[in-house]
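First to last, the protein sequences are chains A and B. The first sequence begins at 0 in numbering that gives the first Met the number 0 and counts up one residue at a time. The second sequence begins at 0 in numbering that gives the first Met the number 0 and counts up one residue at a time.
In short, the hints are calculated from the structure, not lab data. Treat the hints with care, since some could be wrong.
[Claimed, not checked] Here are the computed lysine-lysine pairs in the BS3-like style, where the Cα-Cα straight-line distance is at most 25 Å:
{"no.": "1", "chain 1": "A", "residue 1": "K196", "chain 2": "B", "residue 2": "K50"}
{"no.": "2", "chain 1": "A", "residue 1": "K36", "chain 2": "A", "residue 2": "K152"}
{"no.": "3", "chain 1": "B", "residue 1": "K25", "chain 2": "A", "residue 2": "K152"}
[Stated by the list, open to error] Over 12 Å on every C-beta distance to chain B, these chain A residues come out as not near it, computed from the model:
{"no.": "4", "residue": "L131"}
{"no.": "5", "residue": "E138"}
{"no.": "6", "residue": "D154"}
{"no.": "7", "residue": "R156"}
{"no.": "8", "residue": "L176"}
{"no.": "9", "residue": "G193"}
{"no.": "10", "residue": "L201"}
{"no.": "11", "residue": "L215"}
{"no.": "12", "residue": "E448"}
None of the values given here were measured: they were computed from a predicted structure. Built from N, CA and C at the ideal position, the CB exists for glycine as well.
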Amino acid sequence: MHLNYLANIGRYIPEILLTILMVGLILLETTYKEDEKNRRYIFITAIIGLVATFAALLANMGGKAEAIFSNAIVIDDFSTLLKMVMVLGTIGAVYLSRFSRDVYESLKTEFVIMAIGILIGGFLLASANNMLTFYLGIETLSILSYVMASLKKNDERSSEAGLKYALYGGISAGLMLFGMSHIFGVIGTIQFTGIAKMVPTLSPVQIAILMPSFLLFFAGIGYKIASVPFHMWSPDVYEGSPTPVTTFFAIVPKLAGIAGLVRITAIFFAVDSPLKIGWVGLMIVISALTMTVGNVTAIGQKSVKRMLAYSSISHAGIMLAGLIVMNNVGIRAVVFYAITYVFMTLVAFYIVSIVQDKYGNDNFDRFSGLIYRYPFMAVMMTVVMFSLTGLPPLAGFVAKYNIIQSLINTRNYSLAVVLGLNSVVSAYYYLKIVRIMVLKPQENNETIEGFGFLNQMVIVVMTIPVFTLGIFWETVMSWAGNAKLFIQ
Amino acid sequence: MISLGAYLGISFILFICGIMVMIARKNIIAILLGIELILNASALNFAAYTKFVNGNLEGHIMALFIIITAAAESAVGLGIVIRFFQLRESIHIDDASTLQN
Chain A
0 MHLNYLANIG
10 RYIPEILLTI
20 LMVGLILLET
30 TYKEDEKNRR
40 YIFITAIIGL
50 VATFAALLAN
60 MGGKAEAIFS
70 NAIVIDDFST
80 LLKMVMVLGT
90 IGAVYLSRFS
100 RDVYESLKTE
110 FVIMAIGILI
120 GGFLLASANN
130 MLTFYLGIET
140 LSILSYVMAS
150 LKKNDERSSE
160 AGLKYALYGG
170 ISAGLMLFGM
180 SHIFGVIGTI
190 QFTGIAKMVP
200 TLSPVQIAIL
210 MPSFLLFFAG
220 IGYKIASVPF
230 HMWSPDVYEG
240 SPTPVTTFFA
250 IVPKLAGIAG
260 LVRITAIFFA
270 VDSPLKIGWV
280 GLMIVISALT
290 MTVGNVTAIG
300 QKSVKRMLAY
310 SSISHAGIML
320 AGLIVMNNVG
330 IRAVVFYAIT
340 YVFMTLVAFY
350 IVSIVQDKYG
360 NDNFDRFSGL
370 IYRYPFMAVM
380 MTVVMFSLTG
390 LPPLAGFVAK
400 YNIIQSLINT
410 RNYSLAVVLG
420 LNSVVSAYYY
430 LKIVRIMVLK
440 PQENNETIEG
450 FGFLNQMVIV
460 VMTIPVFTLG
470 IFWETVMSWA
480 GNAKLFIQ
Chain B
0 MISLGAYLGI
10 SFILFICGIM
20 VMIARKNIIA
30 ILLGIELILN
40 ASALNFAAYT
50 KFVNGNLEGH
60 IMALFIIITA
70 AAESAVGLGI
80 VIRFFQLRES
90 IHIDDASTLQ
100 N
């Protein structure tokens with residue numbers, strides 16, 4: 000009996016920790032569900048477990064990149080760094096769910112459990128090295144997401160969001176599998192490295208079969224990151240789901256999808272081939288469309304959550320633009336963008352969630368005159384909106400600058416121009432909320448309970464990286480630059 | 000003996016049927032059935048390619064996992080449909096339109 004495949008299990012501690020945490024939380028939840036007071040222990044356990052996972056990932060950083068479990072999983076600094084970012088986003092969403100009124104009190108613990116389950120799927124997707132783990136990662140992410148989107152059981156909008164998510168998800172997973180099956184048929188293996196070796200030696204007939212197969216393959220992953228034309232679910236799901244769930248969806252599935260896409264792009268299309276030309280062309284078109292559609296549709300929205308949904312579509316497009324630059328500069332830019340995106344998204348959704356809890360809806364008008372009541376929070380929101388637009392000296396500017404720089408280095412001028420123009424368009428709707436907060440007279444003088452001292456502190460702490468990453472970005476940039484992909 | 004082409008033809012027909020069902024039918028249960036058809040088409044593809052093209056077990060394992068996840072997915076999907084039906088008393092896809100504006 001050979002147990003060689005268990006030799007590297009030490010590199011897999013973060014995932015094992017998360018799984019133990021999820022099972023333990025299910026046991027705790029069934030025991031303490033009835034008791035109001037004991038429920039906070041579940042939250043404390045979850046946060047401790049997530050911090051422990053973060054520490055385990057940190058210990059994994061800088062180690063030798065290797066493929067473990069018979070080449071099924073890759074542990075490299077790229078995936079580890081993105082996993083750390085996903086854990087940060089999960090901690091943020093879990094803390095938000097603790098005090099949000101959008102999730103029923105009795106279901107808050109279930110939210111935590113499902114969030115950790117989705118995180119496991121995200122980890123699997125971020126380090127998948129064959130089609131089976133890739134598919135399992137996507138399905139673990141998706142199936143739990145459907146339940147999570149319809150978490151507000153008695154709300155029509157929430158169950159409709161879950162329904163739409165499930166239908167779109169099922170369709171795109173089916174399309175992806177059909178594409179995968181033909182890739183497997185032509186190339187003869189499900190291992191990514193085996194596919195990469197075969198790609199340069201294909202005959203024209205095989206390429207003719209593979210082109211539509213890769214297109215179908217992209218459907219599954221494009222749906223997870225909400226890129227055009229698979230983005231239709233995104234605004235509906237983001238609007239219908241409870242706000243903590245939306246926060247979570249905007250971070251973990253999206254980053255996991257980007258990580259998976261970066262990996263398959265870098266592995267399959269490292270060498271010049273007709274397939275590479277086709278794939279890069281597809282990515283350029285999809286990236287430009289995703290940015291433009293997201294930004295243009297965001298302009299007319301009345302609900303801030305829906306606006307943020309469209310803005311997150313356009314951010315996915317920008318990350319796709321960095322992805323077509325298949326060298327270290329491009330991957331570094333994408334990783335840095337992902338890090339800044341998490342903090343900006345968390346702050347924006349925290350403030351929207353607290354305002355929405357107070358008034359019951361999240362129209363732009365609910366923000367009018369916020370600066371007179373909560374000047375500090377309004378300033379934080381303004382900072383984040385400036386950063387999302389990409390104004391210096393904030394983090395969003397550096398992130399966008401790096402993407403554009405990598406595009407220009409590789410002579411993708413047209414996409415760089417599209418990205419620049421899109422930043423101008425996005426300024427309109429990001430600054431609209433700033434204008435409403437500052438210039439419109441306030442509707443009433445009520446206090447918003449969510450903006451207690453503790454929550455204000457949490458929001459400020461999350462905004463600090465948005466400032467500091469814009470100024471002291473070189474350190475993080477060098478981390479991201481060292482986070483190389485493992486390619487055999 | 001049945002050739003590879005026959006298997007691929009059947010699975011392609013299943014795939015097209017699934018797509019047609021999802022486009023043409025307005026009943027949510029029927030759409031879930033269409034998804035199942037597509038998943039079965041790809042499982043059939045994996046099994047057939049393993050038998051005819053290469054002898055290793057990777058394709059069979061993929062097919063098994065597809066069956067498992069398809070079951071999980073339809074269980075969750077049906078659960079959500081039941082909840083939707085209880086709230087809206089309809090399983091028509093056009094009734095799921097409160098979120099559009």
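Verification of the supplied hints:
1. A:K196 to B:K50: holds (22 Å)
2. A:K36 to A:K152: Given pair K36 of chain A, K152 of chain A holds - Cα atoms ~23 Å apart, limit 25 Å.
3. B:K25 to A:K152: Distance of about 23 Å is within 25 Å: holds.
4. L131: Not fine: 6 Å to the nearest Cβ puts L131 of chain A too close to chain B.
5. E138: E138 of chain A is in fact no farther than 12 Å from some Cβ atom of chain B, at 5 Å.
6. D154: At roughly 8 Å from the nearest Cβ of chain B, D154 of chain A sits no farther out than 12 Å, so the non-interface label is violated.
7. R156: Violated, because the least Cβ-Cβ distance between R156 of chain A and chain B comes to about 6 Å, which does not exceed 12 Å.
8. L176: The assertion about L176 of chain A is violated, with a minimum of 4 Å to chain B.
9. G193: The claim breaks: G193 of chain A does not keep its Cβ more than 12 Å from every Cβ of chain B (closest is about 10 Å).
10. L201: Answer for L201 of chain A: holds, closest chain B Cβ roughly 14 Å.
11. L215: At roughly 10 Å from the nearest Cβ of chain B, L215 of chain A sits no farther out than 12 Å, so the non-interface label is violated.
12. E448: Non-interface label stands for E448 of chain A: nearest chain B Cβ at 28 Å, farther than 12 Å.
In summary, the structure is inconsistent with hints 4, 5, 6, 7, 8, 9 and 11 from the numbered list given earlier, while agreeing with the others.
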